[in-house]
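J.: Spelled out, the chains give:
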Amino acid sequence: MFNWMAQVFSVTRFSMLSLPQRKGSSAAALLGIAGVVAVMVGVLSIAQGVMKTMESSAGDTNVIVLRSGADSEMMSGLGGDDTRIIAEAPGIARDASGPVSSPELFVVINLPMRSTGTDANVPLRGVQAQAQQVRDGFRLVEGRMFEWGLNEVIVGVGARQQFAGLEIGSSIEVGKERWPVVGVFEAAGGLSESEIWVDAAVLQPAYRRGNSYQAVYVKLNSRDAFGEFKDTLTSDPRLNVKAMRETDYYEAQSSTVTNLITGLGTLIAVIMGLGAIFGALNTMYTAVSARTREIATLRALGFRSGPVVISILSESLLLALAGGLIGAGLAWLAFDGYRAATLNWASFSAITFAFDVNLKLLVQGIIFAMVIGLIGGLLPAIRAARQPVAHALREL
Amino acid sequence: MTKINTNSTLVTVTGVDKVFKRGSEEIHVLGGLDLEIPDGEFLALMGPSGSGKSTLLNLVGGLDRPSEGKVEIGGKRIDKLSDRKLAAWRARHVGLVFQFYNLMPVLTAQKNVELPLLLTKLSRAERKKRAAIALDIVGLSHRTGHYPRQMSGGEQQRTGIARAIVTDPTLLLCDEPTGDLDRKSGDEILDLLQALNQEQGKTIIMVTHDIHAAARATRTLYLNKGQLSTEAVD
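Chain order of the listed sequences is A and B.
When we follow my numbering, the leftmost residue of the first sequence carries the number 1, and every step to the right adds one.
When we follow my numbering, the leftmost residue of the second sequence carries the number 1, and every step to the right adds one.
Hints in this document: simulated from the structure, not taken from any laboratory.
One should not assume that every hint holds.
Stated by the list, open to error - Have a look at the derived ranges for each label pair, beta carbon to beta carbon:
1) B:149 to A:260: 55 to 61 Å
2) A:268 to B:70: 43 to 49 Å
3) A:31 to B:40: 32 to 38 Å
4) B:182 to A:306: 39 to 45 Å
What the hints assert, rightly or not - Going by beta-carbon spacing under 10 Å, a handful of chain A positions derived as facing chain B:
5) 10
6) 13
7) 180
8) 363
Claimed, not checked - To be clear about the criterion: a stretch of chain B counts as covered by chain A if any three or more of its residues have a C-beta under 8 Å from a C-beta of chain A, and this derived list gives those stretches:
9) 81 to 88
10) 146 to 152
11) 220 to 230
Given the structure is predicted, the values throughout are model-derived calculations rather than measurements.
Glycine residues also receive a C-beta, built at the ideal position from the N, C-alpha and C atoms.
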């Protein structure tokens with residue numbers, strides 16, 4: 001065993017020492033793998049970014065109440081009386097102004113994207129004062145809060161970055177009116193940062209909604225209070241509603257878009273990966289061919305096939321690891337934190353998010369690179385090991 | 001010196017056929033060949049290209065197996081050994097000298113000579129010591145730290161011979177050892193092989209095209225169309 005390990009170590013060492021002699025083909029394989037990993041990590045970081053945005057939106061003790069049968073705010077509708085009954089349910093956290101329960105209205109307006117100039121559906125949310133208490137991390141970062149009862153809006157930092165005409169001092173067109181932008185807010189990277197907020201009492205008449213809302217966002221005393229809260233609402237004959245934890249709601253909301261992006265990203269990675277495997281195969285066949293004399297001599301001297309296979313695989317895996325690290329590093333430098341917008345298929349409105357190149361993705365990228373290296377090195381390694389020694393020596 | 005046994009015949013090749021297949025075509029390189037080589041002999045194998053000299057050398061060195069017949073070295077039949085056992089046997093009993101030296105370009109002369117010792121359980125210090133002795137025998141103790149590219153052809157071949165003798169093998173197999181060298185360097189290599197045969201009792205089989213080289217051997221055999229004879233055939 002010791003002897004075998006010593007052979008593996010020695011043969012692998014020759015392999016590594018002779019790498020500079022094959023720097024051209026090695027660099028080509030390395031860069032090919034780096035490109036695949038960079039693209040794969042880049043695309044998958046979109047899905048991660050969307051998921052992170054959704055997760056950031058969801059408070060641990062937060063609950064959303066919609067009309068029974070509605071899967072999203074767009075499809076929901078609640079009367080003003082319903083929202084008051086909901087606010088009285090047990091388990092809701094309270095502050096100085098009463099229960100932390102926020103009835104909200106949700107419409108979409110058209111605004112041009114900064115990047116393309118094409119119109120996108122931007123969420124316009126009508127809120128009451130409690131909207132700020134329900135959302136953890138809500139903070140005005142520029143300007144001021146709109147005046148209650150006035151046609152003024154505040155915009156999320158994501159919305160301002162992605163859509164044109166949302167700077168403080170400019171105004172948005174709602175019906176025949178223009179509503180000035182007076183402030184910019186952030187909400188811990190959550191979904192709200194893609195939105196424009198206005199007083200619900202102003203939005204209701206502008207859209208002829210009377211005294212109706214679409215959802216009630218509630219903060220509970222504790223996670224455990226959800227069961228009683230939900231049972232109270234669903235058993236109340238005056239209400240026809242359903243209550244969901246925000247975590248579950250946003251997970252369901254984001255699943256379509258994240259599954260689509262993840263599926264697409266994986267497909268792209270697999271197709272590019274196949275190309276990279278051929279690149280690695282070519283490189284390793286070239287390496288084996290260039291080392292025919294060396295490998296045949298070692299085997300003639302008494303070195304066994306196993307160490308030869310392992311040395312070729314090691315070289316291939318080393319190239320793949322280097323390519324993976326470079327690709328992952330490039331993806332991190334190029335994409336992490338890059339902000340963009342996409343369509344939330346559940347609400348048909350845009351959500352802004354930041355590409356999220358996290359550790360899990362980087363590890364996935366490097367593992368993918370290693371798989372490419374393993375497949376790319378295996379066949380040439382087996383060929384080198386199976387070639388009869390006498391035959392290989394004759395080919396020199 | 002390690003000997004496999006004290007039998008005066010070291011190599012016995014009996015009824016050996018070797019057939020290579022190229023597609024559906026069969027090429028008979030050796031046919032019913034018999035050969036005995038006494039311990040301590042320096043045998044030169046001559047013959048035209050494609051006559052089977054290297055094939056016979058490979059069979060005796062355990063680098064290839066006969067299609068028919070048997071190959072015994074020191075009374076041990078090697079053609080029936082598994083690949084793994086054959087590799088271990090080669091490492092222990094055979095020293096190989098190649099026409100183009102086959103040194104590892106990334107290793108110094110010292111490290112090249114140490115290569116076969118990596119297959120033994122010798123300590124690092126012992127490996128280094130034995131490699132230094134082998135390099136001294138071939139007159140290269142002043143070139144231990146040089147890489148093959150920094151050495152002349154003659155010096156590279158001496159390094160190759162040092163690598164072949166470092167394990168103190170029973171049998172030294174040389175395939176055209178002077179084929180890539182000028183006359184002067186070739187003569188030096190032949191002097192060295194002759195000394196190894198005469199002073200250290202090494203059994204040597206040397207494949208060569210060169211009559212001048214073959215003259216240094218104690219016996220010369222000619223291979224033609226897969227058959228051995230003591231006289232050259234035109």
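J.: Run every hint past the structure and note whether it holds.
T.: Hints and how they fare:
1. B:149 to A:260: 55 to 61 Å: This hint holds: roughly 57 Å between Cβ atoms.
2. A:268 to B:70: 43 to 49 Å: violated, 60 Å
3. A:31 to B:40: 32 to 38 Å: violated, 58 Å
4. B:182 to A:306: 39 to 45 Å: Since residue 182 (chain B) and residue 306 (chain A) have Cβ atoms about 40 Å apart, the given range 39 to 45 Å holds.
5. 10: holds, 5 Å
6. 13: Given a least distance of 9 Å, the restraint on residue 13 (chain A) holds.
7. 180: For residue 180 (chain A), the interface hint is violated, since the closest Cβ of chain B sits about 73 Å away, which is over 10 Å.
8. 363: violated, 33 Å
9. 81 to 88: holds (count 4)
10. 146 to 152: violated (count 0)
11. 220 to 230: violated (count 0)
Figure legend: structure checked against the earlier numbered hints; hints not met, in rising order: 2, 3, 7, 8, 10, 11.
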